[in-house]
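Undergrad: The residues making up each chain are set out below.
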Amino acid sequence: GENVEQHPSTLSVQEGDSAVIKCTYSDSASNYFPWYKQELGKGPQLIIDIRSNVGEKKDQRIAVTLNKTAKHFSLHITETQPEDSAVYFCAAAYPYGGATNKLIFGTGTLLAVQP
Amino acid sequence: SQTIHQWPATLVQPVGSPLSLECTVEGTSNPNLYWYRQAAGRGLQLLFYSVGIGQISSEVPQNLSASRPQDRQFILSSKKLLLSDSGFYLCAGNTGTGLEQYFGPGTRLTVT
Chain A
1 GENVEQHPST LSVQEGDSAV IKCTYSDSAS NYFPWYKQEL GKGPQLIIDI
51 RSNVGEKKDQ RIAVTLNKTA KHFSLHITET QPEDSAVYFC AAAYPYGGAT
101 NKLIFGTGTL LAVQP
Chain B
1 SQTIHQWPAT LVQPVGSPLS LECTVEGTSN PNLYWYRQAA GRGLQLLFYS
51 VGIGQISSEV PQNLSASRPQ DRQFILSSKK LLLSDSGFYL CAGNTGTGLE
101 QYFGPGTRLT VT
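Protein chains in written order, with our numbering: chain A, 1 to 115; chain B, 1 to 112.
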C-alpha cells in the first residue's frame, strides 16, 4: 500500500547551519510532494511543494529536491534560525476518484535550532 | 487564497457525550474538504473527505461520522465519545482542481 517514510525523527542544528530532512515514498503514481511546518498547538502550514515533473524547487532559504527514479524527496533549509524550530512533515499525493487527491504523510521531524 | 476556520479551538468532553466540530472555508467555492486526526503531535491520519455537498468518504471505520450540509461547511460528529477519540483534529481543504491542501488551526479534544 501507500507509505511515506521520513528521517530523521529528530534533528538538532546550530543556528546558521543547514538542515536536511529526507522522505521516501512507495507508489510511483504519486505526483505531488508538499512539505508542512507545524508549530506547537497549531495547524500544519504548507511551506513548499514540488510536482513530479520538476526535480528541484527553491524559495529563499528553503529548497526541495525530487528523485523520481529512487522515489526520494528532501527538504533543505539553509542558514537556519531559531524560528525554524518546529515539526516538519513531508507528504506524497495520490490521485484518485477523479476529483481529489489523497495525501499520505510521513511521521514528522522535530527540528530544533540552537541559538 | 482560501482560509480554513475551525471551532472550537479546545474542547473537554466526558466519555459517552456527543461531539460536533465545525469547519468552514472562505475564499473558494466547491472545495474538497478533509478531516484528519493527529495523536501526540505526530502522524496525521485521514478520517474523512468530501468532494461536494452530501458526499462523504470514510477512510477509517470508527466512532466518528462526518457531514457536509453546505458547500463550505464540514462537520465532524460522534454520538458517544470514547477515551481513544482524544486528539488534535484538523480540517483541510483544496480547490477542486488544485493539489495544495491548506489546514485550519485545529481543535484539541480531550475526552475524560
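Hints are supplied without guarantee of correctness; some may be wrong.
To be verified - Covered by chain B, per the in silico footprint, the following chain A stretches (three or more residues, Cβ under 8 Å):
#1 40-49
#2 82-93
#3 104-110
To be verified - Computed spacing ranges between beta-carbons, pair by pair:
#4 A:N53 with B:S58: 31 to 39 Å
#5 A:K68 with B:W7: 35 to 43 Å
#6 A:L110 with B:T10: 20 to 28 Å
The set of hints was computed from the structure by calculation and includes no laboratory data. Built from N, CA and C at the ideal position, the CB exists for glycine as well.
Undergrad: If a hint holds in the structure, say so; if it does not, say that too.
TA: Hints versus structure:
Counting residues of the region 40-49 of chain A whose CB lies closer than 8 Å to any CB of chain B gives 8, so the stated coverage by that chain holds, three being the minimum. Evaluation of the coverage hint for the region 82-93 of chain A: fulfilled, as 3 residues show C-beta separations to chain B shorter than 8 Å, against a requirement of three. Figure legend: the region 104-110 of chain A, annotated as covered by chain B; annotation consistent (3 residues with Cβ-Cβ distances under 8 Å, at least 3 required). For the pair N53 (chain A) and S58 (chain B), the supplied restraint of 31 to 39 Å holds, since their beta-carbon distance comes to about 32 Å.
A beta carbon spacing of about 41 Å between K68 (chain A) and W7 (chain B) agrees with the range 35 to 43 Å that was offered as a hint. The hint said 20 to 28 Å for the Cβ distance between L110 (chain A) and T10 (chain B), and at roughly 23 Å that hint holds.
Every hint, counting from the list given before, is met by this structure.
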